[in-house]
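Chains as they are written, first to last, in our numbering: chain B, 1 to 317; chain S, 1001 to 1298; chain R, 2001 to 2336; chain D, 3001 to 3334; chain W, 4001 to 4522.
It should be emphasised that the hints constitute simulated quantities derived from the structure, not laboratory data. It should be emphasised that the depicted structure is a prediction, and the values quoted were computed from it without experimental measurement. If a hint is listed, it holds; no wrong ones were tucked in.
Straight-line alpha carbon distances no greater than 25 Å define the calculated DSS-like cross-link-like pairs of lysine-lysine that follow:
#1 K3271(D) <-> K2247(R)
#2 K93(B) <-> K4211(W)
#3 K1018(S) <-> K2302(R)
#4 K4408(W) <-> K50(B)
#5 K4131(W) <-> K50(B)
#6 K3256(D) <-> K2200(R)
#7 K50(B) <-> K4052(W)
#8 K93(B) <-> K4052(W)
#9 K233(B) <-> K2110(R)
#10 K2110(R) <-> K229(B)
#11 K1075(S) <-> K4258(W)
#12 K4383(W) <-> K1059(S)
#13 K229(B) <-> K2092(R)
#14 K3178(D) <-> K3129(D)
#15 K2083(R) <-> K229(B)
#16 K2084(R) <-> K229(B)
#17 K2200(R) <-> K3271(D)
#18 K2124(R) <-> K229(B)
For each label pair, taking beta carbons as the anchor points, the in silico distance ranges come out as:
#19 D4304(W) <-> L159(B): 36 to 46 Å
#20 G4354(W) <-> E1062(S): 22 to 32 Å
#21 R3137(D) <-> P14(B): 43 to 53 Å
#22 P104(B) <-> G3285(D): 45 to 55 Å
#23 M1124(S) <-> I25(B): 17 to 27 Å
#24 V2067(R) <-> I295(B): 51 to 61 Å
Computed list of chain B residues with no C-beta within reach of chain S, every gap over 12 Å:
#25 C9
#26 A92
#27 L99
#28 L100
#29 I111
#30 I174
#31 V177
#32 R179
#33 F186
#34 E223
#35 L232
#36 I240
#37 M305
#38 I306
Glycine residues also receive a C-beta, built at the ideal position from the N, C-alpha and C atoms.
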Amino acid sequence: MFKTILIRCLQILPSLFVVVTLTFILTRMIPGDPARAVLGPQASVQDVQKMRETMGLDQPLVSQYKDYMIQIAKGDFGVSYSYNQPVLGLIAKRIPNTLLLALPSILIALIAGLSIGVTSAVRQGTLVDYLFMILALVGVSMPIFWLGLMLVLVFSVHLGWLPVLGMGSMSSGIGDVIRHMVLPCFCLATIPTATFSRITRSSILESIHGDSIRALRARGIRESVVIWKYALKSALPPVITVLGLQLAGCFAGAILTETIFAWPGMGTLIVGAIDNRDYALIQGAVLVIALAFVIINMLVDVVYMIINPNVSYEGGF
Amino acid sequence: MAKVLLLDQQSQEEILRKERKANNAWNKLKRNKTAVLGLAAVCFMIAIAVFAPLITDGKPNEIHPIDAYLTFFQKGHLLGTDEFGRDLFTRICYGARVSLLVAAGATIVGGIAGVLLGLLAGYMGGIVDAVVMRIMDGVLAFPFILLSIVLMTVLGSGMTNVILAIGIAEIPRFARVVRGQVLVVKREEYCNAGRVIGISHFRMLFHHILPNTISEVIVYATLNIASAIISESALSFLGLGIDLPTASWGSILRAGRNSLNTAPHIAAVSGVFILITVIGFNLLGDGIRDVLDPKMKK
Amino acid sequence: MSEALLTVKDLKTYFYTSGGVSKAVDGVSFKINRGEIMGIVGESGSGKSVTSSSIIRLLPAGTGKIVSGSIDFDGTDVLALNKKELLSFRGKDVSMIFQNPMTSLSPVFKVGHQMTELIRTQQKVDRQSAYRMAEEALMKVGITDARRRMDSYPYELSGGMCQRVIIAMSILSSPKMIIADEPTTALDVTIQAQVLDLLKEMRKTYQTAILLITHNLGVVWKMCDSVMVMYAGKTVEYTTCRNLYHKPLHPYTWGLLDSMPRLGSESEEELSTIQGTPPDLRLTGTCCNFSNRCPYASEICKSVVPELKELEPGHFVACHRQCEEGGLVRGGVDQT
Amino acid sequence: MSENSIILQIKNLSKDFEVKGKGLGGKKTVLHALNDISLDIREGEVLGIIGESGCGKSTLGRCIVGLHKPTGGDILFEGKSILKLSSRERFELCKNIQMVFQDPYSSLDPRHTAADSVSEPMIIHKTVKGRQELEKRVLELFQQVGLDIQHMNRYPHEFSGGQRQRLNVARAISIQPKVVVCDEPVSALDVSIQAQVINLLKGLQKKYHLTYVFISHDLSVVKYVSDRIAIMYLGQIVELCNGGDIYKNPLHPYTKALLSAIPPESPDENKERITLEGEISSPIGDREGCPLAGRCPECMERCKKEVPSLLSYGEEGHQVACFLYESKIVQGGN
Amino acid sequence: GSEKPASTAAATEQASTVQETAKEEKTPGEPVSGGILTISLSSSPKNLDPVKYTGTYESQIIGTVCDTLVEYNTELTEIQPGLAKSWKVSDDGRAYTFTLRDDVYFQPGKFQEGRKMTAEDVKYSLERSRKLSAMNRLDMLDHCEVVSDTELVCYLAEPNAVFLTALTDAGNVIVPKEEVEGWGDDFGTHLVGTGPFALESFELDQQAVLKRNDKYWAAKPYLDGVTFKPVSDGNQAVNALRTGEINLATSLSGEAVKIAREDQSVELMETPGLHVAYIYFNQKSGPTADIKVREAIIKAVNVDELTAGVYQYNEAKSASLPLPPGSWGYDSSLESEKPAYDPEGAKKLLAEAGYPDGFDLNIYISNTESRIKMATLFQAYLKQNLNINVNINTSEWGAFSEIAASGKADVFAMSWTWYPDPYFFLNKLFHSSSIGSLGNGQGFENKEVDQYLDDALLTTDQAKRAELYKKALAVIVKQYPGIFYANENVNWGVSSNVQGLTQRADGKVKICTPDINVWLSK
Ligand SMILES: Nc1ncnc2c1ncn2[C@@H]1O[C@H](COP(=O)(O)OP(=O)(O)OP(=O)(O)O)[C@@H](O)[C@H]1O
Ligand SMILES: Nc1ncnc2c1ncn2[C@@H]1O[C@H](COP(=O)(O)OP(=O)(O)OP(=O)(O)O)[C@@H](O)[C@H]1O
Ligand SMILES: [Mg+2]
Ligand SMILES: [Mg+2]
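Isolated chain B (complex conformation) (with noise of 0.2 Å):
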C-alpha cells in the first residue's frame, strides 16, 4: 500500500511540472507591469525601473525561469511583492479559511446529494423522484455567482437574517463565524449536491439493476440492506470520482464565491495576486492548489482500491 502511494506521488511530478510551467509562462503572459502594480499609479518612471531590478524582472526569461524552478526544487515559493511576505505563509494562513469553507459544503453535499440519490433511484419514476431531479437539475444549472447574489439579496439585505460579508472572527465566538459560512456554504454545496444526487442516483439504478443485486434478491436479503449496503457500495465508484473533482473543484472553484462573499480564502488570494501581478504569489498558490487538485485524485484512487478492489486505473496497455 505504502509503496503504491508512493509509486502514485511520483506519477504526479509530471503533472506538477507542467504546472509550474505552465503558471510561469502565463503569469509572465499578463501584460501589465508587477513593479508598476506594486508602487501604484504615482510612481514616477524610475521608481518602476528601481523596482524591476529589485524584483529580478530585467533578467531574461530563461533565467529567471531557472531561478524559479531550483527554488521551488527547494520548497522555497518566494517571497509576495504587493504582502512583502513569504507566499508560504500566506498561503498556509489561506488554506484553513478555504477548508472551512469548502469542506462542510462537501460534507454537507455529500450526505445530502447520497440520501436524495438514493431516494430517488428507490422511488424511481414517482414524484418525488421527479421533484428532487428536478430540483437537482436547477442545483446543477446554477450559476453560483447569481445564487449568492440573490442568497444575500433574500437573507441579508431583505430579511437580515445573515450576515454579509468575510468570515467574522473567532474572538467573536465559534457562532460568529458559523453564521458567516452559511451563506457561503449553501452557494458552494449546492452544485456538489446536485451533482451528487444525480450521479448517485444513475449509479444506484446501474447496480440495482445489475446482476447480483439481482442474485441478492433471489436469495431473500431484504430490500433495504441490499441497497443500503450492497448497491450502494457497488455504486460508490464514480460517486467518489465526483468527489474528488468536486472537492478539488471547491478548494479553488471557491474563487466566485469567495469573491462575492469576500470569504478571505485561497480564491480571494489568487484574484488579488493576479490584479497586483503578483507573479510568485500566483504561482506559490496555483502550484498548491494544483498540488491539492493531484492529491485528491490521488486519494481518490486509493479509496476506490479500498471500496473495490478490483478496478484496473490504468486506461488499458
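Please build the complex by placing chains S, R, D and W with the ligands on the supplied structure of chain B, with the hints as guidance.
Structure of chains S, R, D and W with the ligands alone, referenced to chain B:
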C-alpha cells in the same frame, strides 16, 4: 381485423421498419419528454438570439439616461431598463447572441482541439499518450475558472478572446473524454477487423474510431455548452468578458449587481435567462445521452 | 412419480414495451417433483430465463408483468405471496443460480461476508457460527482451502470456484428447489463437468429438485429426468429425457436435435438446419409460432394456436400436425 | 486427404503479454500466452484448434493475422516470414490472410452499413474498379453468404447474430484470401443458427479451396469441420492429429479428460469421467515442466521439471507432447 | 494613490491643503466612554509597516496607531503641529528645525515598555523612510540631525516646497527603533506608534483590532477600541452598516451612496474630495495629437450630463479643470476656458481637422464600474455627435496601467487624487519629466508649463506658488489635454450612534486628536 401473420416476410419487415423509425435518434429524442423540454428551452433562446433584430427595436446600445432603472412593463419596457435606460429585453435578446455564440464557439474550439488530442493520445498510446495526457492533467489541475481568468488577462477582452479562453480551458476535458472512449473503441473487435484488412491509421481513426466516439463527444459537448454559458457569464461578471457596450448575459448581470438594491430585477432577469438556458442544455444533453446510450433504451 | 413440488400452469409473462406487448412467456406449463431435475431448453430469447424469474417473482425491473397462470409451490400459491413471505420463499424454499457466476456475487464484499450475511438473514445465529456454517458449506462443495477463500473477493476466484461458492450459498438453507439458469454456459467444458457433477450430488444428498435451464442438449442428457422445449415463449414439447431423445414429436425439436454436429457423424454430409429466425414476440399468439420455419406447416398451423396435448402418457406436445390422425414421422428437416 | 504443400508454417512461436498486477501500481508480470508452438498448415486443409478458455487459441490466431506481434519464433507464409515485412508487404499480405471473429456483435462497426463493411477491404486493396463494379461484387458476396440486396443498407444492429456472422464471412472472403482464421465463429450463436454458419463456411472452403484455421472450444464442431485437430493447453500444443483420430485414439491425458468432460450425446450414454483435479493453472509467471503437471492423473516426477515436446507417434501425422509416449515415439516423424 | 486595483470606483483619497470642509457635527450629547468602532476599508490591508504600505486603507490604520510630526488641519487649509510643537524653515529653504513635544510615549510593545519618544526616534523614522520607502515618500530629505532630545534639524538636498506636506503622510510616522528592528519583516503586522489606539492584533484579510492607548498625549479616547475590516464591495459595506456589523463605511460609491442616503439607520457623510476624474487624449500620436480634434471631442461631450450619468447618486460634482476645486492652486476663472457642449461646432472642427466622417478611436479604461459607465456614455456621445467609433478596451488595473503609462493609448480615462498641494496634481500630470509614468501617460509636453511648475517647487511662499500654478493651469487648459469631468466626493456611511466624527476632504478617518474625540452613543 386481419390477423397479423408472424410468418410472412412483410409483417416482419413492417416491424423492422417501425422499429427502425422508433429507434431513429430523432424520434427517440422526441419521445423523451425532458429532452423535448430542454430542446424547447434551447430553441427558444436561439430564436430570441437569431430574431433579436425583429422582436426588438434593434438598438440594444442606445442610451436614454432619463429612463434609467425602470422596472417591468414601465413605459413599454417589457423587462424594464438598465442603468442607461437601455431596454433590458432588447439587451437580453442581443445578449443571447453573445452568450450562445461564445458558448458554442468555445465548445467548438475546445471540442476540436480536445478531440484531436484525445484521439491521438488514445490511439497512439505509449509515449505520445503519456506526454499529451500529462500536459492535459497539468492544465486540468488549474481550476477551470482560474485558468479562464488568467487566459482572459493574458488575451485581453473581446469576444474572440473569451471564446479562446474558455475553449482552451476546456481542451483537457474533451481530450479526456475522447481518450477514454478511444481506449474502449480501439479494442473493439471491429477495429481489429479493420487492422486485419490492413487499413491505414488515418482511415482507422477517422472512419472507425472517431464516428464511434462521436456520440460521447456530442453528449459531452451539449453539456459543455451549458457550462460554457456559465463560464462566459462568470468571466463577464468578474469584468473580464467581451467589449463594451455589447451586451452579454454576464455583463448585464454584472451591471445588475451594482444596482442590486435599486433595481434587483436586472440581476434577477439576466440570471434567470442564464439559468433557463443552462437547464435547457443540460436537459438536452441528458436526453441525447439517453438516446445514444444503448443501455438506456426503453 | 412422486408428488409434485412445483406446478406451473399456463404461465404468461408479458413485457409492455413501447413497440407493443412482448409475449416473452406465453403459456408455459410443467411440474417438478421432489428431487427431480428438469431441464428447459430452447433458443436464445425463447423465454427460459423469464420463466424462471417468474417463478420466484423477480422479473427484471421495468415493464414485465405476470399476466395469468398459476404457480403452486409445495402447496403455496406463489403469486399470492406478500413481500415478506416472498423474501423467505426466495431465500429458504427456492434458491437461484445464475448464468454468470462472476456477476452474481457482489464484487465489493468478501465472499465470507456475503455468505454470513445470507445465513444471518435466514437463520438467527451469531456471526461466529454463521461464519463456521459458511465454511462448512464451502467445504461441502469441494473447496479445499475454504477459510482462505472466504477472505477473498469474488474477482480473486476463478469462474468455477465462484460458481461453487454460489452453489454453496444456494444450499445453505437446504432449499427444496434450486433454479439454475444456464449455470455452466460461462464455464469451460472440464469445469462445467465438475459443476454439473456437483449439482447432481446435491440432488442426491439433499433431495433438492433442480430446474436446469440450458441450451446445450448434452447437458440435458447428462443431468435431467424430464425436459421441456420452449419456443417463442411457449412450451412446445415436454416429456422425459429419454422420450425426447428417442421419440421427439415436435418438428422444432427435430431441428434442434439434428442441427448438432455429432462426434460420430461424417464431416462430408451437411448439417441440417432450421431455416429462418424465431418470430418477433410481439407478433406471436395468432398461430403456431413455429409455422413460418416448419417444413410441415399446413393451413391450420398458420391460423390456429396449437394447444399442449398429452399425446402419449407423460409426453406433451403442441403441434397440430402431430395431433392429427397419423401424425408426422421424423425425417430430415428441410435441408438447404 | 491429399498431401498439399505447406502454406503457413509456424515455427517455435511464443507470445508473452505484460500484465499489470491487480490494484494500484501492481507489479508487472509476464503472461505466457503462447509457448514455443510449431505447426504446419497445409494448403486447402481445415486445421481445428481446440482448448480451454485462455489457453491461447485466439492469441495464436491473432499472431497469424498480425494482430499480435509474437515475442519469439517465426511465421512463414508460402515460405516467407511475415514478421519482418515492410509495411507495404504487410499490407499486401492482408489480401492473403483473413479472419472471422468470434463475436458477431462487436466485430462489425455499428456505424457502417452492411455493404460498407463488406466493401471496405475491396476499397482498401483496390481489387475492384469503380462504384458499379464494387456494388456488383458486394451483391455477389451477399448472395454467396445467403443474404440479399435488401440487407445491403442496413446497420449491424438490424441483423440477427447468424446474419452478422455471414457478413463477417463475406467481408473476410471479399478479397479472396488464401487462409482464413476463424476464431470461434459459431460459439456465440444458437444451435440452429450455428449449423447454418458451419454449412456456409464449409461450402465456401470447398468452393474456393480455402485454408482454414478453425478455432473452437466445441469439440464436436471442430471435429465436424476439421481435417486435422490441434489440442492446446496453456499456450502449448499437446496433441495434433487427424480429424477422426481424436475420438478414436486420444493420447494425451488432457485430451482424454477433455473428451470425457464433453456432455453426452444421448441420455443413454454413460461416460466415465476422467477428472482433472485442481484448477487450471495460470499462464502468468514462469512455469516449470509440463503445463498439465498439476492436474494430470498420470503425472510423473519428470513432468514437473521438463517440458515434453511435440513428437510424432503412431500413425501418420499423429503427434503428442507427453512423456508417457516418449518411448513409443516414431523417430524422424514430420 | 489615486486608483488602486482592488478598490472600487471611489478612488483612494489622501490629500491635504486648505480646503473648505463640510464639517458635519452630530447632535451633541454627553460623550460617554466605551464601545468599539468598527470601520470598513475598501480593500484588505496587507502590510502596516509605514515604509512598505501602499494603499489608503492601510494608511487609515497606520494613521490611527501612529502620529506624524506635522498634520493638516481639519479644513486642510494649513499645516499644524503634531508630534512637533513648532518648526522653523531656514532662509535658503533647505533646513527645517523641529521642536518636539516631550510628553509623547510609545505604546508598549514586545521590545520596549512604552518609553518616551525622542528626537533620535524621529531621525530614525524619517531616515528609514527616506531610504526604504519604495514609494519614495521622502526623497527630498537628505539627512536629519539631532540637536537635543526634543529638537532636530532636517536638511533637504535642495529647497522643496512640499516637504511639510510629505511629512503628513502615513509613511512618515514616527516609530520606535527597537520594535522595528526587533520584529524585522514582521513589523508590518506588529506596528507600534504613539497614536490614540494601539494595534492589538492584525489578522490578515480579516481584521485589525486596535485598543485604546491610555497614555495618548492629546486626549484620552472615549472609545475602547477600533476595529478595521476589509469590505471590498461598497454595497456589501452598506448592507453591513444596516445589519450593524460595522459602524463606519469608508469609500462608498455608486448605489451604496444612495442606500446610505435613504436608509434611516445610516447617515451619509459627503465632502467634495481631492479628486479629479478625467479622460486623457494622446498628445503624441493618433488623431488626438491634433489639437482641433481634441477640442472637437471635448465639445461633443456634454460633461454635466456625462457626470450625472456616471454618478447617478450624486456622489461626485461635475468638473472642468485638472485640479480639485479645493486645492489652493484652483482658478475658477479658468472654468470658462473649457469649451462648452456644442455638437455642431464640434462637427465643424472635426471636419476642419480633416475627419468629416469620423474615425475609429480606442479608449482604455480599467474595469471599474464608474469607468465603464463613463466610457459607455462617452462612446455614445462621440458616435452620435461626431460619428467617431469608440472601441472600449476594459482590462483590470495591471494591464490598463501598463498601456496607459506607455503612451500607446489613443484615449484613456482614470482619476487622480493626492495631497492638496497643486504640485501633486500638476507636476505629476503635466510635467514633461513625468512622461512614461501613469500620471502623464498622454505625453503632455510644454516648455512653458514645465518652467512654471519647476519654479513653483522652489518657492516657499504659498501665495507666490499659487500664482505660478494658476499660470501653468491657464496654459494647460488651452492645450485641451483632456476632459476633466468629475470630482468625486468622499462618501462615508455612518451608523447613527457614532458621535463626534468629522469628515475631511482627504478622507482620513481621525478618531482622536486634540480637537476630535469620537464616541458611541448607546
Ligand atoms: N426487461 C425486458 N423487457 C422487455 N423484454 C424482455 C425483457 N427481458 C426479457 N425480454 C424478452 O423476453 C424474451 C425472453 O427472454 P429470456 O431472457 O427469457 O430468454 P432466454 O430464453 O433466457 O434466452 P437466453 O438463452 O439468451 O438466456 C426475449 O425475447 C426478450 O426480448
Ligand atoms: N492483449 C492481451 N494482454 C494481456 N493478456 C492477454 C491479451 N490477450 C490475451 N491475453 C491472455 O493470454 C491468454 C490467452 O488468451 P487467448 O485469448 O488466446 O485465449 P483463448 O484460448 O482464445 O480463450 P477463449 O476461449 O476464452 O477465447 C489468456 O490468459 C489471456 O488472458
Ligand atoms: Mg436466459
Ligand atoms: Mg478466444
